[in-house]
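*Asks:* Listed here are the chains, written in short residue letters.
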Amino acid sequence: MFDWKWDFTFEILPRLGWATLNTLIAAGGGYAIAIVLGLALALAQRSPYRALTLVVREAVEFIRSTPLVLQIFFVFYVGPQFGIRLSPWTSGMIAIGLHYSAYLSEVYRGGIESVPKGQWEACRSLSMSTSDTYFRIIIPQALPPALAGMGNYLVGIFKDTPMLSVIGVAELMHAANAIGSEHYRFLEPYTLVGIIFLAISLPSAGLIRTFEAWVRKRLGMS
Amino acid sequence: MEDYSNYPLQLDATDRPMVRFQNVTKRYGALTVLDNLNLDVAEGEMISIIGPSGSGKTTVLRMLMLERIQGGVIYVDGTPLTHEAKGGKLVEASERYLRKAREPIGMCFQHFNLFPHFTALQNCMEGPVQVLGLSKKEARERSEELLEMVGMIDKKDQHPSRLSGGQQQRVAIARALAMRPKVMLLDEVTSALDPEVIGEVTEVIKKLVKEHNLTIMMVTHQMGFAADISDRVCFFYGGRIEEQGPPKELFGNPQKERTQQFLSAVKSAD
Ligand SMILES: Nc1ncnc2c1ncn2[C@@H]1O[C@H](COP(=O)(O)OP(=O)(O)O)[C@@H](O)[C@H]1O
Ligand SMILES: [Mg+2]
Chain D
1 MFDWKWDFTF EILPRLGWAT LNTLIAAGGG YAIAIVLGLA LALAQRSPYR ALTLVVREAV
61 EFIRSTPLVL QIFFVFYVGP QFGIRLSPWT SGMIAIGLHY SAYLSEVYRG GIESVPKGQW
121 EACRSLSMST SDTYFRIIIP QALPPALAGM GNYLVGIFKD TPMLSVIGVA ELMHAANAIG
181 SEHYRFLEPY TLVGIIFLAI SLPSAGLIRT FEAWVRKRLG MS
Chain L
1001 MEDYSNYPLQ LDATDRPMVR FQNVTKRYGA LTVLDNLNLD VAEGEMISII GPSGSGKTTV
1061 LRMLMLERIQ GGVIYVDGTP LTHEAKGGKL VEASERYLRK AREPIGMCFQ HFNLFPHFTA
1121 LQNCMEGPVQ VLGLSKKEAR ERSEELLEMV GMIDKKDQHP SRLSGGQQQR VAIARALAMR
1181 PKVMLLDEVT SALDPEVIGE VTEVIKKLVK EHNLTIMMVT HQMGFAADIS DRVCFFYGGR
1241 IEEQGPPKEL FGNPQKERTQ QFLSAVKSAD
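Chains as they are written, first to last, in our numbering: chain D, 1 to 222; chain L, 1001 to 1270.
These are computed hints drawn from the structure, not numbers from a lab. Do not take every clue at face value.
[Said to hold, decoys possible] Covered stretches of chain D (in silico footprint by chain L; criterion: 3 or more residues with CB under 8 Å from a CB of chain L, positions within the stretch not fixed): (1) 107 to 121; (2) 172 to 178.
[To be verified] With a straight-line cut-off of 30 Å between C-alpha atoms, the simulated DSS-like cross-links for lysine-lysine are: (3) Lys1137(L) x Lys217(D); (4) Lys1182(L) x Lys1136(L); (5) Lys1207(L) x Lys1182(L); (6) Lys117(D) x Lys1182(L); (7) Lys1137(L) x Lys1210(L); (8) Lys117(D) x Lys1206(L); (9) Lys1100(L) x Lys1156(L); (10) Lys1137(L) x Lys1155(L); (11) Lys1248(L) x Lys117(D); (12) Lys1207(L) x Lys1100(L); (13) Lys1210(L) x Lys217(D); (14) Lys1136(L) x Lys1155(L); (15) Lys1156(L) x Lys1086(L); (16) Lys117(D) x Lys1156(L); (17) Lys117(D) x Lys1100(L); (18) Lys217(D) x Lys1136(L); (19) Lys117(D) x Lys1136(L); (20) Lys217(D) x Lys1155(L); (21) Lys1248(L) x Lys1100(L).
[Unchecked claim] Not the full set, but computed from the structure, chain D residues with beta-carbon under 7 Å of chain L: (22) Arg124; (23) Ser125; (24) Met128; (25) Ser131.
In this text the structure is predicted, and so the values were computed from the model without any measurement. Built from N, CA and C at the ideal position, the CB exists for glycine as well.
All chains should be built: construct the whole structure from the sequences, respecting the hints.
*Replies:* Pasting the structure below:
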């Protein structure tokens, strides 16, 4: 039916394997940025400084309502006009990290808001500092309810990495394109890319749930 | 703007209650909850605050611990709590100042508010280690002593979710005491408990009154308990102290009509 060539498939597999590694690094790097920056954005939106709160809220809204691919182009092509010259890898991870930090900040906000008011009052009654209150009491309790959302965005960031191919990051999609145009064959590389994405995405939902249960247990909250 | 020049920067040694509310007003938006409240609580005194729901009892305690006021000044141990002296005048306290000034105050809540991700012992050690800067060893010794006192030493490694309401409240009392407060605020600490475990918490409070030189302000609906252990009972009505006095007098021979009505309503509900 299809003109599927097994020998070609095996020939390109190692190259796609390396590209998978790059994809995972790009997703992981972007996610690491998003996790930290997202928390900073969430906390900034809760700060008592109204100007800061307002600016951050608008920025988050802006990032969420513009396409990721535009943001990637922006960082990579417009950055140099302001003297910020970054490699495709760095620009890509920054853009994707920034994009997802906006979404993660909302997840964190939801988690933080789910912590009962009495916990804040207990912290106050012990004269705890704001940072101890957040990092020792509130965030550990905000984490379990946020984990499902955080996991979804991890899968999301992974599936969005092909967009980095537009600025030449050698991830899976970029490799598949290159293989295709070198050999004038697209069926095998694209199919393999699809299978690889599926093989990584599918089990992650289950893994995230298991991880969530483990965290709850660790925190004595189950 | 209120003129604070009439308020002393520091209370005189001869006239120094542990807690003083001076002309304190608290509003939520347009709603005035506390109306020009004046109340002194002496060192070592145990006062009970009673009154109908919504009369401002909880608010009185919250002013000392959790919220800002819109008028007047609160002093604790002679020093302003809600205000700080700047250039010889009282100005509204900064967050930093407030946090420090509130250190000698401890509070227990109706719903315990224990940290669910910490064990009973960790709950008690948190404040001493993070806020007072005690070593882990010192904090543990202090906490274990207090858990022993409230009869919870056997459960020290349990998380709150494994404890009954009465047990959680006893841990919460130990947690507050671990900060070595001078003033203890108790807001309906038995109201969320099953009737059969109320006794274990009231026993602990009795012990506190007897064995520690604490100043205690307790909001309660348990009139018998209040009569038993208070030096003074304040009856709140509409954000004001309608009547106050030693429990014998207030319960035995209330002067104001509203007090009489409230007490007979409570009695018939029991
Ligand atoms: N955060 C708040 N915002 C608005 N109104 C409040 C708030 N907290 C308390 N109140 C109001 O203040 C009044 C006194 O409340 P409270 O001190 O809790 O009464 P009590 O403890 O005597 O039942 C009530 O009318 C209540 O609705
Ligand atoms: Mg109340």
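*Asks:* If a hint holds in the structure, say so; if it doesn't, say that too.
*Replies:* Okay, the hints, checked on the actual structure:
1. 107 to 121: n = 4 at 8 Å, threshold three: holds.
2. 172 to 178: violated (count 0)
3. Lys1137(L) x Lys217(D): 26 Å, holds
4. Lys1182(L) x Lys1136(L): Status holds; Cα separation ~23 Å.
5. Lys1207(L) x Lys1182(L): 16 Å, holds
6. Lys117(D) x Lys1182(L): Roughly 25 Å separates the two Cα atoms, so the pair holds.
7. Lys1137(L) x Lys1210(L): 28 Å, holds
8. Lys117(D) x Lys1206(L): 29 Å, holds
9. Lys1100(L) x Lys1156(L): Cα-Cα ~29 Å, so holds.
10. Lys1137(L) x Lys1155(L): Holds, at about 19 Å.
11. Lys1248(L) x Lys117(D): 38 Å, violated
12. Lys1207(L) x Lys1100(L): Holds, because 28 Å separates the two Cα atoms, which is no more than 30 Å.
13. Lys1210(L) x Lys217(D): 40 Å, violated
14. Lys1136(L) x Lys1155(L): 19 Å, holds
15. Lys1156(L) x Lys1086(L): 45 Å, violated
16. Lys117(D) x Lys1156(L): 25 Å, holds
17. Lys117(D) x Lys1100(L): It holds: about 21 Å lies between the C-alpha atoms, which stays within 30 Å.
18. Lys217(D) x Lys1136(L): Within the cut-off at roughly 24 Å; holds.
19. Lys117(D) x Lys1136(L): 28 Å, holds
20. Lys217(D) x Lys1155(L): Since the Cα atoms of Lys217(D) and Lys1155(L) sit roughly 18 Å apart, the hinted pair holds (cutoff 30 Å).
21. Lys1248(L) x Lys1100(L): 37 Å, violated
22. Arg124: With a closest approach of 6 Å, the Arg124(D) hint holds.
23. Ser125: 4 Å, holds
24. Met128: At 6 Å from the nearest chain L Cβ, Met128(D) passes the 7 Å test, so the hint holds.
25. Ser131: 10 Å, violated
Checked against the numbered hints given earlier, the structure breaks hints 2, 11, 13, 15, 21 and 25 and satisfies all the rest.
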